[in-house]
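2 protein chains.
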Amino acid sequence: MHHIDVRIEKDVYAANDRLAAANAAHLKEHGVRAFDLLGAIGSGKTALIEQLVPLLAARGLAAGAIAGDVYGDDDFKRIVALGIPAVNANTGTECHLDAHLVEHAIDHLPLDKIDVLFIENVGNMVCPTDFALGAEKRIVIVSSTEGDDVVNKHPMMFRGGSIGVINKTDLAPLVGCNMDRMEADMRRYNPEMKIFRTNMKTGEGVAALLDAILE
Amino acid sequence: MHHIDVRIEKDVYAANDRLAAANAAHLKEHGVRAFDLLGAIGSGKTALIEQLVPLLAARGLAAGAIAGDVYGDDDFKRIVALGIPAVNANTGTECHLDAHLVEHAIDHLPLDKIDVLFIENVGNMVCPTDFALGAEKRIVIVSSTEGDDVVNKHPMMFRGGSIGVINKTDLAPLVGCNMDRMEADMRRYNPEMKIFRTNMKTGEGVAALLDAILE
Ligand SMILES: Nc1nc2c(ncn2[C@@H]2O[C@H](COP(=O)(O)OP(=O)(O)OP(=O)(O)O)[C@@H](O)[C@H]2O)c(=O)[nH]1
Ligand SMILES: Nc1nc2c(ncn2[C@@H]2O[C@H](COP(=O)(O)OP(=O)(O)OP(=O)(O)O)[C@@H](O)[C@H]2O)c(=O)[nH]1
Ligand SMILES: [Mg+2]
Ligand SMILES: [Mg+2]
Ligand SMILES: [Zn+2]
Ligand SMILES: [Zn+2]
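Here the protein sequences come in this chain order: A and B.
Residues 1 to 215 in the UniProt record's numbering are what the first sequence spells out, letter by letter.
Residues 1 to 215 in the UniProt record's numbering are what the second sequence spells out, letter by letter.
If you're looking for bench data, these hints aren't it; they were derived computationally from the structure.
Just to be clear, a hint being listed does not mean it is correct.
Said to hold, decoys possible - BS3-like cross-link-like pairs, simulated, lysine-lysine; straight-line CA separation at most 25 Å:
| id | chain 1 | residue 1 | chain 2 | residue 2 |
| --- | --- | --- | --- | --- |
| 1 | A | K201 | A | K10 |
| 2 | B | K28 | B | K137 |
| 3 | A | K201 | B | K201 |
| 4 | A | K194 | A | K28 |
| 5 | B | K77 | B | K194 |
| 6 | B | K201 | A | K10 |
Stated by the list, open to error - Only some residues are given here: those of chain A computed to face chain B with a beta carbon under 10 Å:
| id | residue |
| --- | --- |
| 7 | E94 |
| 8 | T169 |
| 9 | F196 |
Beta carbons: idealized from backbone N, C-alpha and C, even for Gly.
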């Protein structure tokens with residue numbers, strides 16, 4: 001993030017934290033469990049929502065989503081196609097969602113019809129870490145095609161997450177990615193992290209991941 | 001980026017622009033041509049340096065590099081292995097290089113032995129756009145595995161670049177990526193952009209890209 005002035009920055013974070021707590025309370029009031037989806041650009045955040053929505057439906061749970069992107073409605077359209085309530089949250093020039101953007105997005109969702117809300121952040125491994133949104137857990141998704149050094153390069157993202165996902169297992173041999181290294185780096189940064197490997201084209205690994213999300 | 005206070009931000013950008021201009025003058029004095037490598041996490045920025053160094057050597061040109069990363073020396077070690085002068089520039093918690101970091105990095109390079117300097121930024125499609133570093137051209141690298149909406153989602157990155165690279169052409173069919181859409185989005189955002197498709201595992205497309213870089 002951009003350290004412009006330490007005192008102003010602290011105020012920004014404190015204000016964000018207050019709003020995030022209010023979002024959490026608001027969601028709880030309506031019986032909604034919310035989960036942050038964070039990770040690199042194209043790591044598979046929207047693909048995970050696409051995989052989870054039918055699995056949740058099979059368990060009798062209704063999903064909703066906030067599609068966070070700098071610009072455009074590519075993810076929003078994919079989520080709407082799943083037939084669940086969704087809001088498009090464009091950040092404009094910002095590189096991450098914040099609790100205020102999420103507060104407005106929540107206002108446009110039929111909370112009483114949603115059991116599980118996914119908040120997909122902008123693809124970015126640095127800036128979202130400091131901004132709580134009001135979710136219960138942070139799921140951090142990277143993929144084999146980013147290279148097996150991607151975890152090592154981004155300590156804060158993994159220290160702040162509770163579930164780690166290594167996606168695109170099918171492509172690992174084609175880029176020369178050692179997924180064991182990625183997993184070891186996650187454990188080193190965050191020994192409590194629950195780690196899953198997935199192929200979101202086939203759905204492999206996604207049911208076990210969902211168990212951990214809902215646990 | 002984080003809009004904390006408009007007046008302070010303007011000062012930050014103006015100060016950065018002054019330092020970037022000083023870097024450019026310093027590099028020119030020593031006959032060094034510098035190029036920014038920007039793009040998504042794992043899009044192939046370091047792989048491009050690995051491909052270009054021997055091609056430059058074959059043209060009688062000596063390369064050097066600044067490896068920008070949030071944390072660690074993974075890229076730095078790969079560049080050192082190429083046998084060229086390199087500096088590791090860790091940003092700590094910042095999500096992009098700035099002209100001040102680059103000024104210090106340049107101080108550690110043997111400028112008179114370098115013809116072409118690559119400045120590899122942190123993998124990030126938002127934050128680096130506002131921070132000039134002193135380079136001659138900006139090369140923006142995305143890859144098929146990020147999904148074919150990656151260009152559309154990041155207008156500023158392409159408006160500010162002069163060369164666009166679509167890498168990992170070999171993996172496009174495996175993720176279902178329409179590279180024509182990516183190219184059309186680049187042209188829409190920046191009609192002047194020169195666009196190349198590459199496979200940095202095989203080197204396909206890299207010689208033509210180098211011609212455009214040095215043009
Ligand atoms: N082969 C393969 N492709 C995948 C897998 N997961 C996702 N993809 C593809 O990778 C591309 C990016 O996936 P997305 O779900 O859009 O990724 P994202 O994290 O939402 O991307 P942004 O929101 O743009 O940051 C798409 O073309 C997906 O079809 C996987 O496990 N294997
Ligand atoms: N199959 C295939 N793999 C590639 C290609 N280009 C790069 N890779 C692999 O993709 C991964 C990431 O490449 P890097 O060169 O490290 O990417 P980067 O942009 O420097 O990554 P960061 O510095 O971490 O943002 C590595 O495992 C590379 O071997 C390509 O064209 N095809
Ligand atoms: Mg997405
Ligand atoms: Mg790199
Ligand atoms: Zn940021
Ligand atoms: Zn930033």
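Hint check:
1. K201/A / K10/A: It is violated: about 41 Å lies between the C-alpha atoms, which goes past 25 Å.
2. K28/B / K137/B: holds (14 Å)
3. K201/A / K201/B: holds (23 Å)
4. K194/A / K28/A: holds (24 Å)
5. K77/B / K194/B: violated (30 Å)
6. K201/B / K10/A: The given pair, whose Cα atoms are some 44 Å apart, is violated under the 25 Å limit.
7. E94: holds (7 Å)
8. T169: Check failed: Cβ of T169/A comes no nearer than 12 Å to chain B, outside 10 Å.
9. F196: Cβ of F196/A sits 19 Å from chain B, so the hint is violated.
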